[in-house]
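Asker: Listed here are the chains, written in short residue letters.
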Amino acid sequence: MAALVLTPIFFALKLLLDAGLGIIFVAVITTGLLLGYVLRQETTR
Amino acid sequence: MDWELLLVIFIVALALGFDFINGFHDAANSVATIVSTRVLTPTQAVIWAAFFNFVAAFGLGIHVANTIGKGIIETSIVDEKLILAALVGAIVWDIITWRVGLPTSSSHALIGGLIGAALVSAGPDVIIKEGVERTSAFIVISPMVGFIAAVFLALALMRLYARIAPSTAQGVFRRLQLLSAAAYSLGHGTNDAQKTMGIIAVLLFTTGHLGGEFHVPIWVMLSAHAAIAAGTLAGGWRIVRTMGLRITKLEPSDGFAAEASSAAAILFATQVGIPVSTTQTIAGGIIGVGSTKRLSAVRWGVAINIVIAWVLTIPASAAVAAVTFAIVDKL
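Note that the protein sequences, when read in sequence, are chains R and S.
Every position in the first sequence, counted from 1, becomes a number in this note's numbering once 115 is added.
Every position in the second sequence, counted from 1, becomes a number in this note's numbering once 1 is added.
Please note: incorrect hints may appear among the correct ones.
[Said to hold, decoys possible] Quick look at which bits of chain S chain R covers, simulated, 3 or more residues with Cβ under 8 Å: (1) 150 to 160; (2) 281 to 295.
[As the list claims (entries may be wrong)] With a cut-off of at most 35 Å between alpha-carbon atoms, the simulated DSBU-like pairs for lysine-lysine come out as follows: (3) 71(S) to 129(R); (4) 130(S) to 294(S); (5) 129(R) to 294(S); (6) 294(S) to 71(S); (7) 130(S) to 129(R).
[To be verified] Just so you have them, the derived chain S footprint on chain R, three or more residues with Cβ under 8 Å: (8) 122 to 131; (9) 137 to 151.
These aren't lab readings, by the way, just hints derived from the structure by calculation.
Just so you know, these numbers come straight off a predicted model, no measurement behind them.
Here a beta-carbon is modelled for each residue, glycine too, at the ideal position from N, C-alpha and C.
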């Protein structure tokens, strides 16, 4: 299960890093903030 | 024996001491979750973590050592004084932040130390912009990746958990935590020991003790991993005494998700040659797991302290190293 979840995440990271430092930076921060927002909505109901 | 060689030996010993302290400080990260879930006793956990810190010397590459050794500043300006100043900058900043309780990164302090000493020694032109940019970006990226991966893994495990009896699931995750803790200690060992390897290798290279081509000798690899493993063992014994008071109880599945996702994030950074903070990455993983339960339950004070550490560490350790270099250079 862990491999199924983590492997695609790290393949995506490798692709983003190859695409450029600015791209991986913006993508990771945006995803983290979005995830935080969604979790806040879901866990404070 | 000439004084120059004695100075090189002293700086190598200082670098290994820095590595030992790194293991000592980070022992809590390596054993906290597995002890709090009662999978291993504190003593067993410390030995488990130290063993995998050392095993990391074999087969995980030296990309981070190369980045530290020749990817942050031009090797042509490196000498004993510069490495000494960089190490003093990192160690002084680590001690200051340890006293005030800021969760700073020894890695970032070391990079700040190199930059500060190099700026005073030869000016801004010798700073390798690409290496500094990649490392600086990953100061933020690495804990965020730990957070994201932990959230997805914790959510996936929750779904899995719902289909099987809680007692069975807990038993499975208790065993799996042995693997995730080992993976985290491997990641911690390889990424952190390689920083020391890089510092020692560049010192030996620029003082003519390494031959014509930059490489990391096997004795440097083994001694750096032995130093971090010994630090983990030493730090761990201290934790054995205080463990009962300090550790918050975690479910085995939470510990597994936090450790596995942080280990993966650290190993990813190691493979692409980027030095990262193992402490801040596992903090990201733990915050991620906590966020899936209730975002407001996360201790945001810790997260805020990490952000303060991001902003302060490189400039502050650079400043200490710059002053140290200016003093040492006059001697």
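Asker: For each hint, tell me whether it holds in the structure or not.
Answerer: Structure-based check of all given hints:
1. Counting residues of the stretch 150 to 160 of chain S whose C-beta lies closer than 8 Å to any C-beta of chain R gives 6; at least three are required, and the coverage claim holds.
2. Under a criterion of three residues with beta carbons nearer than 8 Å to beta carbons of chain R, the stated coverage of the stretch 281 to 295 of chain S is upheld, 4 such residues being counted.
3. At roughly 23 Å between alpha-carbon atoms, residue 71(S) and residue 129(R) fall within 35 Å of each other, so this suggested pair holds.
4. Between the alpha carbons of residue 130(S) and residue 294(S) the distance comes to roughly 41 Å, so the proposed pair goes past 35 Å and is violated.
5. In summary, the hint linking residue 129(R) to residue 294(S) is supported, as the alpha carbons are separated by about 29 Å, within the 35 Å threshold.
6. This hinted pair does not check out: residue 294(S) and residue 71(S) have alpha carbons roughly 43 Å apart, beyond 35 Å.
7. For the given pair, residue 130(S) sits about 21 Å from residue 129(R) by alpha-carbon distance, which is consistent with the 35 Å threshold.
8. Coverage of the stretch 122 to 131 of chain R by chain S holds [criterion: at least 3 residues with CB-CB distance below 8 Å; count 4].
9. As drawn, the stretch 137 to 151 of chain R meets chain S at 8 residues by the rule of a beta-carbon pair under 8 Å; at three or more, the given contact holds.
Figure legend: structure checked against the earlier numbered hints; hints not met, in rising order: 4 and 6.
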